[in-house]
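Student: The chain contents come next:
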Amino acid sequence: MSPEVPSDSGLATYNFAYLDEQTKRMIRRAILKAIAIPGYQVPFASREMPMPYGWGTGGVQVTASIIGPQDVLKVIDQGADDTTNAVSIRAFFQKVANVAVTTHTKDATIIQTRHRIPEQPLAEGQVLVYQVPIPEPLRFLEPRETETRKMHALEEYGLMHVKLYEDIAHNGRISKTYAYPVKVAGRYVMDPSPTPKFDNPKMHMSDALQLFGAGREKRIYAIPPHTEVVSLDFEDHPFEIQSFDKPCALCGAENVYLDEVILDDQGGRMFVCSDTDHCEDRRDHGHAGAMLGRQEAAE
Amino acid sequence: MSDTPLLKVKSVSKFYGQRIGCKEVSFDLWPGEVLAIVGESGSGKTTLLNCISTRLLPTTGSVEYTMRDGSIRDLYHMGEAERRFLMRTDWGFVHQNPADGLRMTVSAGANVGERLMAVGNRHYGNIRATATDWLGRVEIDADRIDDAPRAFSGGMRQRLQIARNLVTGPRLVFMDEPTGGLDVSVQARLLDLVRGLVNDLGLSAIIVTHDLAVARLLSHRMMVMKDGHVIEQGLTDRVLDDPREPYTQLLVSSILQV
Numbered sequence: 001m002s003p004e005v006p007s008d009s010g011l012a013t014y015n016f017a018y019l020d021e022q023t024k025r026m027i028r029r030a031i032l033k034a035i036a037i038p039g040y041q042v043p044f045a046s047r048e049m050p051m052p053y054g055w056g057t058g059g060v061q062v063t064a065s066i067i068g069p070q071d072v073l074k075v076i077d078q079g080a081d082d083t084t085n086a087v088s089i090r091a092f093f094q095k096v097a098n099v100a101v102t103t104h105t106k107d108a109t110i111i112q113t114r115h116r117i118p119e120q121p122l123a124e125g126q127v128l129v130y131q132v133p134i135p136e137p138l139r140f141l142e143p144r145e146t147e148t149r150k151m152h153a154l155e156e157y158g159l160m161h162v163k164l165y166e167d168i169a170h171n172g173r174i175s176k177t178y179a180y181p182v183k184v185a186g187r188y189v190m191d192p193s194p195t196p197k198f199d200n201p202k203m204h205m206s207d208a209l210q211l212f213g214a215g216r217e218k219r220i221y222a223i224p225p226h227t228e229v230v231s232l233d234f235e236d237h238p239f240e241i242q243s244f245d246k247p248c249a250l251c252g253a254e255n256v257y258l259d260e261v262i263l264d265d266q267g268g269r270m271f272v273c274s275d276t277d278h279c280e281d282r283r284d285h286g287h288a289g290a291m292l293g294r295q296e297a298a299e
Numbered sequence: 001m002s003d004t005p006l007l008k009v010k011s012v013s014k015f016y017g018q019r020i021g022c023k024e025v026s027f028d029l030w031p032g033e034v035l036a037i038v039g040e041s042g043s044g045k046t047t048l049l050n051c052i053s054t055r056l057l058p059t060t061g062s063v064e065y066t067m068r069d070g071s072i073r074d075l076y077h078m079g080e081a082e083r084r085f086l087m088r089t090d091w092g093f094v095h096q097n098p099a100d101g102l103r104m105t106v107s108a109g110a111n112v113g114e115r116l117m118a119v120g121n122r123h124y125g126n127i128r129a130t131a132t133d134w135l136g137r138v139e140i141d142a143d144r145i146d147d148a149p150r151a152f153s154g155g156m157r158q159r160l161q162i163a164r165n166l167v168t169g170p171r172l173v174f175m176d177e178p179t180g181g182l183d184v185s186v187q188a189r190l191l192d193l194v195r196g197l198v199n200d201l202g203l204s205a206i207i208v209t210h211d212l213a214v215a216r217l218l219s220h221r222m223m224v225m226k227d228g229h230v231i232e233q234g235l236t237d238r239v240l241d242d243p244r245e246p247y248t249q250l251l252v253s254s255i256l257q258v
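Chains as they are written, first to last, in UniProt numbering: chain A, 1 to 299; chain B, 1 to 258.
Everything labelled a hint here was simulated from the structure, so no lab data went into it.
Where a beta carbon is used, it is the ideal one built from N, C-alpha and C, also for glycine.
Be a bit skeptical, because a hint or two may be false.
[Claimed, not checked] A short, non-exhaustive set of chain B residues, derived as facing chain A with CB atoms under 10 Å:
1. Val-106
2. Gly-109
3. Ala-110
4. Met-117
5. Gly-120
6. Asn-121
7. His-123
8. Gly-125
9. Asn-126
10. Thr-236
11. Arg-238
All chains should be modelled from the sequences, with the hints used to inform the complete structure.
Tutor: Following this line, the structure appears as structure tokens:
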């Protein structure tokens with residue numbers, strides 16, 4: 001048990017942060033190796049967690065291994081702090097680690113995420129933990145695990161471009177919008193989990209440490225701070241991120257990732273920030289979007 | 001023809017436990033030369049081909065290859081990275097079953113372009129133009145470029161596989177029964193095409209076949225194998241017109257005359 005945790009803290013039913021100390025050591029070793037080889041998928045002995053695969057068992061194990069009593073945790077799911085996955089994982093760590101939690105990006109020391117990177121730029125000292133469903137970027141192109149490992153080892157990444165070629169041949173552009181493959185530190189091709197490609201540029205030279213945990217597939221990988229992350233593309237079909245016609249309907253923010261919300265069955269819809277914390281923060285500072293008043297009137 | 005052989009095979013043997021795959025096979029392959037390896041099924045032709053092309057590690061023997069820069073390298077002492085690079089740039093391998101050599105789920109254009117992308121080509125327009133050009137050279141219509149090979153006939157698949165292998169301008173192509181499983185008229189067209197390409201590009205090739213007509217049409221020289229041993233070798237016309245070994249005489253006389 002961590003020395004900072006008093007024995008009378010009422011946590012006796014669990015070890016601090018749920019996992020036993022040997023497991024945490026094993027995962028920390030995998031994390032250190034992953035940081036030493038940016039983008040390389042380090043195998044680890046993933047444990048059963050009290051939640052189903054697909055709910056972020058990999059991310060939870062990484063968070064449990066690095067969290068301490070002084071940490072402030074933020075959990076986001078599709079950019080939102082108030083959806084099922086985020087609420088459950090936040091409650092889980094409140095219960096088993098008794099840590100402070102927040103929804104404010106700038107106050108958090110550890111941010112566990114599914115899909116999104118917060119709009120507010122991350123700072124030095126922060127750790128972003130991704131929940132990864134399929135860590136292998138070559139998986140659907142080459143089904144043999146022995147072969148994909150060899151391809152990584154020998155840096156044979158031509159196949160990744162075959163996928164992008166197919167996209168352009170059939171759709172006239174690279175139609176991949178999420179889990180868009182990136183090359184980390186000029187060496188390993190990596191799948192940035194199911195984040196939209198809108199967030200790929202935020203990974204490049206980030207001040208924060210980025211850790212990726214895949215529970216079912218038993219892999220951990222990492223992007224250390226200030227590491228080059230380049231999205232793959234063709235010279236005549238360069239990488240580009242999604243753009244939106246209108247600003248956020250609630251806070252008026254531009255150049256942020258928006259979610260479409262269906263309002264009624266008459267075709268009514270609105271586009272709002274996917275990052276709820278960013279949106280609330282802007283509204284608190286007096287920004288207002290076109291539909292802000294209407295939503296409050298309806299409530 | 002230059003002074004050094006492209007490939008020097010020295011007493012290559014492969015044993016599967018007690019059983020012989022091929023035994024003490026030695027030969028030289030010269031630039032621009034087409035060698036046919038013939039023999040009945042189970043005679044060790046494919047084992048030999050796999051050993052030479054480093055797809056299989058032989059029990060004993062060595063294979064030396066003259067690289068593009070003129071240096072001579074022992075294939076079995078190369079690093080895996082270098083060997084795989086060689087296999088997808090300077091070599092081609094045409095499988096009997098096109099599904100083994102093609103990516104069946106991606107389009108014909110991507111199949112041809114894969115090798116280009118693997119060696120670092122990153123310009124979509126150029127890759128597509130090269131792929132279109134190669135499809136034309138193997139007589140596949142340009143409007144089929146975005147179709148997956150599973151929409152192709154057997155003959156088209158085999159031609160696509162050949163295009164995919166030749167796109168990086170290899171100097172040596174291995175073919176394992178390239179016409180197996182094709183009907184006779186398609187075979188004839190494919191052989192005509194391969195012969196044209198081999199002549200135009202100055203390729204060296206090693207062709208494994210049980211069909212003596214294929215050997216006659218394509219190869220300059222041939223080796224006859226039986227029970228893992230090479231029993232006779234020489235110029236194709238000499239071997240077929242004047243076979244010396246009893247087994248070769250039997251093979252030649254078993255060709256059906258219509």
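Student: Each hint needs a verdict: does it hold in this structure or not?
Tutor: A quick look at each hint next to the structure:
With a least beta-carbon distance of about 5 Å to chain A, the hint placing Val-106 (chain B) at the interface is held under the 10 Å criterion. Taking 10 Å as the C-beta cut-off, the interface hint given for Gly-109 (chain B) holds, the closest approach to chain A being about 6 Å. Checking Ala-110 (chain B) against chain A: minimum C-beta separation of about 5 Å stays under 10 Å; hint holds. Because the smallest distance between the Cβ of Met-117 (chain B) and any Cβ of chain A comes to about 4 Å, under 10 Å, the interface hint for this residue holds.
Interface hint at Gly-120 (chain B): satisfied, since its Cβ lies 8 Å from the closest Cβ of chain A, which is below the 10 Å cut-off. Because the smallest distance between the Cβ of Asn-121 (chain B) and any Cβ of chain A comes to about 8 Å, under 10 Å, the interface hint for this residue holds. Given the 10 Å rule on beta carbons, the hint for His-123 (chain B) holds: about 5 Å separates it from the nearest Cβ of chain A. Because the closest C-beta pair between Gly-125 (chain B) and chain A is about 5 Å apart, less than 10 Å, the hint holds.
A hinted interface residue such as Asn-126 (chain B) counts as satisfied when its beta carbon comes closer than 10 Å to some beta carbon of chain A; here the least separation is about 8 Å, so the hint holds. Below 10 Å, beta-carbon pairs count as interface contacts, and Thr-236 (chain B) has none with chain A, the closest being about 37 Å; its hint is therefore violated. A hinted interface residue such as Arg-238 (chain B) counts as satisfied when its beta carbon comes closer than 10 Å to some beta carbon of chain A; here the least separation is about 43 Å, so the hint is violated.
Violated hints for the displayed structure, listed by number in ascending order: 10 and 11.
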